[in-house]
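K.L.:
Please model the complete structure; the sequences and the hints are all you need to start from.
If you read the protein sequences in the order shown, they are chains D and X.
Position 644 of the first sequence, counting from 1, maps to 644 under the numbering used here, and the rest follow consecutively.
Position 103 of the second sequence, counting from 1, maps to 103 under the numbering used here, and the rest follow consecutively.
Hints were generated in silico from the structure; no laboratory data involved.
Be aware that a few hints might be false.
[To be verified] Here are the simulated DSSO-like cross-link-like pairs (lysine-lysine), alpha carbons at most 30 Å apart as the crow flies:
#	chain 1	residue 1	chain 2	residue 2
1	D	Lys698	X	Lys195
2	D	Lys698	X	Lys572
3	X	Lys604	X	Lys698
4	D	Lys233	X	Lys305
5	X	Lys116	X	Lys305
6	D	Lys585	X	Lys698
7	D	Lys233	X	Lys678
8	D	Lys195	X	Lys698
9	D	Lys699	D	Lys406
10	D	Lys699	X	Lys233
11	X	Lys305	X	Lys604
12	X	Lys195	D	Lys233
[Said to hold, decoys possible] Some chain D residues judged to face chain X by a derived CB distance under 7 Å, without partners named:
#	residue
13	Val477
14	Val591
15	Thr664
[As the list claims (entries may be wrong)] Anything over 12 Å on all C-beta distances counts as not near chain D; from chain X, calculated:
#	residue
16	Phe49
17	Val82
18	Pro120
19	Leu149
20	Leu185
21	Glu225
22	Ala291
23	Thr315
24	Val323
25	Lys504
26	Ile590
27	Leu599
28	Ile661
29	Arg691
Ideal placement from N, C-alpha and C gives every residue a C-beta, glycine not left out.
2 protein chains.
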Amino acid sequence: RKLLMYHDAWSGWLCVLLVGLSAGVIAAVIDIGTNWIIHLRNGICLNAFWLNREQCCWASKKLNYDRFNTEECGEWFTWPQVFGDYRTGAFEYILSYFMFILWSVIFATFAVLLVKVFAPYACGSGIPEIKTILGGFIIRGYLGKWTLLIKSIGMMCATSAGLILGKEGPFVHIACCCGNIFSYLFPKYGRNEAKKREILSAAAAAGVSVAFGAPIGGVLFSLEEISYYFPYKTLWRSFFCAMVGALVVRSINPYGNGHDIQFSIDYSVPWASFELIPFILLGILGGLWGAFFIKTNVWWCRFRKNTRLGQYTITEVVCLALVTAIICYPNPYTRMSMPELIKRLVSQCKVEDSIDLCDYSREPISSAKIKVPAALAGEGVHRAMWELFFALIVQILLVTFTIGVKVPAGLIIPSMSIGAITGRIIGVITEQLALQNPNFILFKHECNKADENCVTPGLYAIVGACAFLGGVSKMTVSLVVIMFELTGGLTYIVPLMAAAMTAKWIGDGFIRGGIYDAHIELNGYPFLDNKEEFNFTTTANDVMRPRPEQSSSLAYLTQNGMTFSEVDSILKHTTHTSYPVVVSKDQPYIVGQIQRRDLQILLKSQKTQHFIASSYYIQFTAPSDSSTSPNLDSDLQDEQRLTTSQPEIIRVGNLLDQAPIIITDQTPMETVIDMFRKLGLRQAFITHNGRLRGIITKKDVLRHMQQMASHSPDAFYDT
Amino acid sequence: RKLLMYHDAWSGWLCVLLVGLSAGVIAAVIDIGTNWIIHLRNGICLNAFWLNREQCCWASKKLNYDRFNTEECGEWFTWPQVFGDYRTGAFEYILSYFMFILWSVIFATFAVLLVKVFAPYACGSGIPEIKTILGGFIIRGYLGKWTLLIKSIGMMCATSAGLILGKEGPFVHIACCCGNIFSYLFPKYGRNEAKKREILSAAAAAGVSVAFGAPIGGVLFSLEEISYYFPYKTLWRSFFCAMVGALVVRSINPYGNGHDIQFSIDYSVPWASFELIPFILLGILGGLWGAFFIKTNVWWCRFRKNTRLGQYTITEVVCLALVTAIICYPNPYTRMSMPELIKRLVSQCKVEDSIDLCDYSREPISSAKIKVPAALAGEGVHRAMWELFFALIVQILLVTFTIGVKVPAGLIIPSMSIGAITGRIIGVITEQLALQNPNFILFKHECNKADENCVTPGLYAIVGACAFLGGVSKMTVSLVVIMFELTGGLTYIVPLMAAAMTAKWIGDGFIRGGIYDAHIELNGYPFLDNKEEFNFTTTANDVMRPRPEQSSSLAYLTQNGMTFSEVDSILKHTTHTSYPVVVSKDQPYIVGQIQRRDLQILLKSQKTQHFIASSYYIQFTAPSDSSTSPNLDSDLQDEQRLTTSQPEIIRVGNLLDQAPIIITDQTPMETVIDMFRKLGLRQAFITHNGRLRGIITKKDVLRHMQQMASHSPDAFYDT
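P.N.:
As C-alpha cells, then:
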C-alpha cells in the first residue's frame, strides 16, 4: 500500500519525464528530417543521398562559398548538374527554377493530403485549440496518436515546401499530444481531465523549450499564454519537463553546430542609449504589423470559411505552394529557409565577410584587427537592402494567406523573419545615419570613436523579430525570455523589453488579444479569457436566463413530485446539460443538480425494465449515506427491492449532485466572472432569498462580456 | 475625461517604475554603506575616511595581497597601525581582535536599538509577513516609511556587525515598503487593498532582483514563493519593475566590478556526468540541513517567545554579536563577510593563485598555459579544508540562534554560505579522489585526460549553495533561475536543478513547507497556503459552525423582525465580523449579510438620535434601487422622513450586502478550500435545501486542514 502511494506520488514526475524525452526526440527527428528534405529542392548528395548539403560537404575537403555564403562542394550536385552537368547559363537557371517549383508543389501536396486523409486536426498551429482545451473544453481526438504522427510528417513537408510558415508553434501541439498519450499510462492522470491538464501545461512548456532551446521561456510561455490554471506544482514539473526536452535536443544536436543557442549572438559593442529610438520605432512597426496581420488573416479565414473556397482545401494549398515557389526563387533571401535567413540577419559583419550584406567600402585592413571600423555601405549592401525589401513585401503578403490553410503551420518563425528583415533594414539606415552625421546631437556622445562602429545592424534584426512576434502574439515576459535564451544575450534584455512593450501597447490600441485569441473567437470555442478585465456594474440578475422580462420559466425538477413521463417531456423540450432539483414547486429551494446524461440513462432503464411504469414517481432525495458513489446499477437493484414495498416511487438520490454552485441574483458580474474563471465553472444557479430564479452558463458569461465590451470599446485601456 | 482614463491606465506602470527606481537606489546605497562600514572593523582609510578598503587602495599604486588575497596598501591603516604603527606581534593581534569585537558590538547595539525604539516591524526578513499580507491579511504600519528607513539603516549595521545573517531577504521587505508608499500616490492602488497587492507583488520581484541582479529570478520568486494571487497583468508589471531595479543597481555599480553578475563563474571544463552523484549528495545534505535548521530555529524561537528570554531582546543581540565576533575572528573564513567568502569558494583556482585554497603541489609551469592541470592538494589546501570545516560548524550553530532576533536578518546568504563551504569541501574530496583513482570505473571515461583537471571544486560550492538554500526555503524554479542569473552559468542548470530537487524532496520528507511557512505558523498568521493539497473526503457539513451535534445555534438577523435592542444584544453576545440576514425565523433563507462594523455604527446612531427608540424595528430589506452606494448619512435622512409616516420601522437596506457566498452543506471540503483560496474568501454561509445551517470562516478552514493533516502525515507525498 505504501508502495502504491509512492507510485502515485512519482507517477506525475515519471509522466513529465517521458513527455520531455519524447518531445525532445521528436523535435530532433523533425529538425533533422526537415533539414534534409528542404535541400532536396536544390540538389542531392549523390554519393549518400540521405545527407543534407551541410553534412554532404563535411566529407569533402574542397569547400567553396557562393555569394550568399552557402557551401558548395564536389559531392553536392544541384539538379542541373545531376541531369547533364549544366553549371551556368539560362538553361541551368530555368532547370533549377523548375525543379525548385516541382519539389515545392510535391511536398505541399503530400502535406495537405496527409492532413486531409488521416488527421484533419493536424492543421494549423494548434495553440488556440490547446488554450481552449486547457480552459476546460474537451475536443476528442485532438491530441491523439494519429494527430501526432501526421502533424510531425506534415510539418516536415510543409516547411520543406517553402511555404511561409514555421514549425515552432506546432511543436507545442506535438508535445501536448505526447502529454496526452503518456498520461493514459498513469490512471491518475488519464482518467481525470483536470489532472491531465496539469500534464498538458508541462508538455506545452516542453514544446516551446524544444522548439527554441529555451526551457525557462517555455515555462513562462505555458504560464502566460497557454495555461488557464497553473498551480505551483505544475510550475516545477513544467520546468523539469522543459529542461529534459531541451537536454535531449541538445544531446542529439540536430543542427550540428555544437551549441544549443540557435541564433547565438556575440556583438562587439554594447547598445547605446540613443538606439532606444529606433528600437521603439521597431516596436511601433511590430504593433502595427500585428494589428494588420490579425485583422487581414481573420478576414481571409472567415472568407474561406463562408464561401465555396473552403471546399477546395487541397487546390488552395497546391496553388499557394506554386505561387510561393515562383515568387520566392528569384530572390536569394526568400529562397533560403526562414531560420537560415534570420540567422544571417542577426549576425554581425566581420571584416573578412564578403557576402552582400557585409559589403562595406572599407579600406583594406588586416583581418587580425578584431574591431570592425565604421564604413559606408557598398554596392552589395544597397543591393541587399532592395532584395530584403522585396522579400519583406513577399513574406507579408504570403503569410497572410498561408496561416489558416489545412497544413501544420506556425507563425512564430514567419513573424520573426519579417521582423528581422525590417530590423536589419532600419539597423543599416541607423548605422549609415550615425556614420554620416557624427556631430548630430544624438550620436555625438556615444558614437564618436572613429575606429569603431557604434551601431550593430544585427541587433536591430533581433529586436525587430521580438517586436513583430510580440505584435502578433501579444506575449510579453515569455517573449523577452525566449528571445534572450534564443540569442544568449543577457545584455540586450532592455532593448528587447522596450520593443515588446511598445509592440503590445500599439497593437492593443487596434485590436484586443493576440492571433491565438482571434482564432479562438473565429472558431467560436468556449474560452473564457482570464486576461481581460471586466469593469462594468451589471449583476447576475442582468445576465441569468430565463430573463425576468420574458414569460418562459426555467426547467427544473422537484425533489419528490415528478413522474417518469414528466421528466421525459422536460428532457424532450429542453437541451440543458444539467437540471436543478428543488424542494417543491411552491418552495423553489435548490436541493442539488442532476446531469441530463444521467436522466437519459435513467429513462432508458425505465423503458427496458417493463415493471416500472412511466407514471411512477422519481424521488431525487439524497440518500442518508452520501458517501457511496453514484452507481446506477446497484441503484436500480435498490429500486427493485423498493418497488416491492412502495410500488410507485423510485429513489435515485445517488444521481443527485448535492454541491451545485449557488450565486445570489445581486452578485456583481465581476465576481461572477471571477468565480467562473477561477473555479472553472460551467454553470451556476441564481437565487433570490434562497429561491431559484435562473441559471448562468459559461456561454451566457461569454456573450455578456462580448456585449459589454462592444458597447464601450475603451474599456481595455486598463489591461 | 479621456485624459483621466489614460492616467488611470498608466498609473500602474508609473507606480511600478517608481518602485523599481527607488528599490534600486536604496539597494545600491545599502550595498555601498555596508561595504564601507564592514571594513571599519579592520581599519580605516586615513586620507579619506569615507572610502572602503578597496576604493582606498585604488588610489594607491602599491598593492600587496596577503595570504587570503585581500588588498593591502599604504593608504589603508589597520587599527593597530592607527594607534601606534604596530605591524606584527602578539599585541598587534590582540589589539586588532579587540577592535574587531568592539566595533561588532557597537554596530549590533545600534541596529537593535534602532529597531526597538523606532520600528519594531523592521526585524527579521519580513518575507513571512509579506506572504501573509499578500494572502489578504492587513498588518497596519508593516510597510510604512519608518520601517523602510530603520530597516535600511539597521540592515547595514547588522550585516556590518558580522552577525550570521544576510541582507537579501530584507530587500524584499524594503521593496514592498516602497511599493506601499508609492501606491498612495495613485488613488486607484492606495485605496484598494486588492489592487495594492498587485503593486506589492511587483515590488517583491524588484526586491529579489536588486538583491541578486536577477530580474527573471525575482519575478519567479514573487510568483512561486511570495504572491498569493498572480494575475497575468502582474507578471508583466513585475518583470518591468524587476528590470528597472536591476538596471538602476547596475548603473550605480555598488560593487565597483563593472559587471552585474555577482558570483560570476567561468570554469574551463564542463561538468561530467559522474559528478551528478556528489551533486545529489549535496542535495541530500541540503535537505537534511533545511529540516534540521527549520526544526531547531522554530524550537528556539518558540522557546524565546514563551520564556523570559523574550524580554531581553537588546541583551540577546549584544551577547550574540559579542560571541560571534569572538568566535569568528581567529578563522579567516569566518572573519571575512559571507558574500566575500562565497565569491572565493565558487571561484576556480588559476595556476598563478597563491592563496591557501589553491595551494596545489603543481610542478612549476608557465602561467601562459591556460588549462589547469590536475594536482595533489598541497599543505595549504589541507589547512583551508580544516578551517572551512570549523567555519561550517560555527556558522551552523550561530545562524540557528541568530535568525529570529530583533534585527533585520535574512537567511538566504547564510544558507548559501554554509552550502558553499560544504560544496567546496566535497568538491575538493571528489577532485582528489578522481585524481588518485584515475582507473576507477566512474572516472575512467570522463577523467582520463592527464593534463586537465576534470573536477572544478568551485562548481560544487555553487551547487551546494543552491542545495542548502533550497533545503531551507523549499524554492524550486525561482531558486535555479536565481542561481543561474547570479553566476551567469546557463550550462550548469542541470546540476543546479538536480541539487534543488533532491534537497526539496529530502527536506519534505522531514518537514512540510519552508522556513517562511514555519514562521507563519509560529506567529499564527491567518495564511491559507495555496500549495498544499487537500485529499480528504470531508464535506462542508463536517466543518461548519455551529456543529450539528452542539445545541448552540448560529447568530443571525431576520429581514424585518429585529428591534434595535435585539440587534444590540446579539452584538454583545457574539463576536462575528459579519452576520447573515434571513427572511424570517421560520424561513431561514439567506437574503444577504451585514458587517458587524455597520451594525455598530447603526446602533450608535440610534443612541445619539433620541427620537429613535430601541424598540423600533430595523428593516434590512434591500431597497428597490440597488445601484445606490451604501451611505449611512443619506440613509438616516431617509429614515427621518420615514419615521414620520411609519414611526416604528427603520429601513437600512443599503447596509445589506446582497452577494454573500453560499455553499451547500454537502459540498466536498476540497471544493470549499479551493473557493476560499482562489476567491480570497473570509467566510461562506452553509445551506441545506436553501435553509441556512451554519458558517465556515477562513480560520475554520485552516483549523480543519491542520487537523486532517496531523491525522495522516503521509498525505503530502503528492506535492
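K.L.:
For each hint given before, does the structure comply? Return the numbers of the non-compliant ones in rising order.
P.N.:
Violated hints (numbers, rising): 2, 4, 6, 11, 21, 25, 26, 28 and 29; every other hint is consistent with the structure.
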